[in-house]
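Chains as they are written, first to last, in this note's numbering: chain A, 1 to 361; chain B, 1001 to 1299.
Quick caveat, the hints were computed from the structure, so don't treat them as lab data. You can take every hint at face value.
Pair by pair, the computed Cβ-Cβ distance ranges are:
hint: 1; chain 1: A; residue 1: N176; chain 2: B; residue 2: V1082; range: 35 to 43 Å
hint: 2; chain 1: A; residue 1: G57; chain 2: B; residue 2: A1240; range: 41 to 49 Å
hint: 3; chain 1: A; residue 1: F355; chain 2: B; residue 2: L1113; range: 40 to 48 Å
hint: 4; chain 1: A; residue 1: R338; chain 2: B; residue 2: S1222; range: 29 to 37 Å
hint: 5; chain 1: B; residue 1: L1113; chain 2: A; residue 2: Q268; range: 16 to 24 Å
hint: 6; chain 1: A; residue 1: A137; chain 2: B; residue 2: L1008; range: 37 to 45 Å
hint: 7; chain 1: B; residue 1: S1120; chain 2: A; residue 2: G57; range: 34 to 42 Å
hint: 8; chain 1: B; residue 1: E1263; chain 2: A; residue 2: D230; range: 42 to 50 Å
hint: 9; chain 1: B; residue 1: P1116; chain 2: A; residue 2: F180; range: 23 to 31 Å
hint: 10; chain 1: B; residue 1: G1266; chain 2: A; residue 2: Q268; range: 19 to 27 Å
hint: 11; chain 1: B; residue 1: N1125; chain 2: A; residue 2: I127; range: 49 to 57 Å
hint: 12; chain 1: A; residue 1: V294; chain 2: B; residue 2: L1052; range: 30 to 38 Å
hint: 13; chain 1: B; residue 1: A1240; chain 2: A; residue 2: R338; range: 32 to 40 Å
hint: 14; chain 1: A; residue 1: R358; chain 2: B; residue 2: R1188; range: 45 to 53 Å
Covered stretches of chain B, as calculated for chain A (at least 3 residues, CB under 8 Å):
hint: 15; region: 1082 to 1089
hint: 16; region: 1100 to 1114
hint: 17; region: 1224 to 1230
hint: 18; region: 1270 to 1280
We put the CB at the ideal spot given by N, CA and C, even for glycine.
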Amino acid sequence: MSQAIEETASAPAAVAQPRAALTRSLIGGLVTSLPVLVVGLLILNFAPTYYTYLALGAFVNLIVVVGLQVFMGNSNIANLGHSAFVGLGAYGVAILSTPLAMKKLSIPHAPFGFATLQLDPVSSALIALIAVGIVAAVSGKVISRLSGVAATIVSLALLIIVHSVFLNWTDLFKGNQAFFGIPKVVGLPWMMVFSVVVIVLARLFKDSRWGLQLRASAQSPQASAALGIDAKKLRLMSWVLSALICGLAGILYAYFAGTISPKLFYFQMIFNTLAMLILGGMATVTGAVTGVIVLSVGLEFIRSIESGVTIAGIQLPQLLGLSGVALGVVIVLCMAFRPSGISGRYELDELLSRFFRRNAK
Amino acid sequence: MDYALQQLLNALAFGAEYSLVALGLAVVFSIMGLVNFAHGEIIGVSAYSVFLAAALGMTSPIVAVLLAVAAAALAAIAFERVAFRPVRYAPTTTGLLTAFGVSIVVQNLFMLLISPKPQSVSILNGLNQMWFFGPFAVSSLQVMELIVSGLTILALVLFLNRSTLGLAIRAASRDFATVRLMGIKANRVIATAFAISGALAGIAAVFIIARRGSVSPDLGFSLVLKAFVACVIGGFGSLAGAAAGGMLLGFIEVGLLVALPQEYGGFKDALTYVIIVALLVYRPEGLLGQRVELGDKEI
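Isolated chain A (complex conformation) (with noise of 0.2 Å):
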């Protein structure tokens, strides 16, 4: 961790030619996005169905890990909240853009006249990321203000008041049901698009001033505050640009699945996206994609054990719950053994420019 920073913090780039820095760390982003864009390429053009589905709720998760690696790496703060924010994306695109008609079958009475509303997708999104951003905002000024251990708490607790709050407004979330009814405007290339925005923008964020000014603190509060950074502030500006991302997966996900509901975004999601992260590193973006490629593929794998399976002519029996075991063993395993997850402390183009250079030597 120290040497990444002292490399990042040693490039005089950062001050004397602040577009050489940019360049570097926008094509960083890029390169650390190409695994995305050839496994969503090659889905694209080969894969049946049933795989792209899979994969379209596989880049939602990428969407949601990498907002949570911009909080949580840099801040080096648990964050077990986050899919609040995603599912009050999801449920903001779901009440301004859905039909009038499946509106009177689904929310009649919504309040402030949403049961009459219907605007286009896209500023539908807009709004609800607006929205999403006004909750950050006034989440994270209580978070920024405590120290880490208090700040995971209450991240918790704005997830346990955002759940109980789309199960109980029925009249505007619909409860424990299904919303249904959500235009299907997204598919698999809009979802690549936007996973290789936010991948930059993560990317941006973490080499930005306010990025390593934000992960020294986090190395050393003490050392931080003496040279005047303002901990509490970097630390909201995380929060909302984590948020506003995962807002973002939450939209994706409303706008592809169609029906959305409050059970989607809980502790199933955290679990799984808390997971990815871990395994993956969450020290950088990379490692947020490689969490999630390996994960996801594992556990389809496990998934399909845990449905029942058929081998050599036995049949298994349904294994509810083996999914959550191998989740709580690989993070309890990397924690362990290699708290800094597969990919470490360095970025892959960063990797791949040491590989080269070495090589050339």
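Mind docking chain B on chain A? Use the hints.
Chain B only, in chain A's frame:
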């Protein structure tokens, strides 16, 4: 009047339960800085061992109570030995995430090995009766909860203040290195802390089983989330803060239950958390936590 007393007792009983669980979290956190998300699963192990014992033919409620407490203490020690020892010297976030992982594993193991559905356990139902004091009818469970929690906390205070190991635990929460220099084994201190924490969870588990009459995989999880919140309002790591925070949480919940109209009852949890987060805006370090400036050396 009757109603007010009833609600007061309700609040005290809820508060006592939260305090017990919150104290268990605080004991462990104060010593090794571990945010033990797996505490709920310690309650779970305790409850499921009572379920299994009952299924195998155990009938005595007293044995069930002893079993619950012993199983919880053993589970806590086992979790520490297997999962938390490798991350003992790691940063807080690492420990927190490990504990979160342990919690997921154990919850899903209950699902995998026993059943995802709630299982009924009737062995402790006898604890939950109505007692009549003149004109008042009170739930025996709530009275017992209050008394037992009070006694447990008293015992804990005596242990921490009067015994050598208790002294070592209190000292370890200030400066572990010096405690080890005095010739006390770190493993022993930590194992004791986990055993205490587990026993507290076991007592809470007894009351949960008696009240619900069933066990389910996520039985301890939401309770522990509340206990964490209690710790945070009390000031994380402070034992008195955990107990006070638990009580406060009990009073806020019952207050909301009384104040909210029936149709908004579902918002109770959400509002409880909103109130607590609002409290934290004014006192980010918690009610009884001390404001520690960076670089302060604790005396």
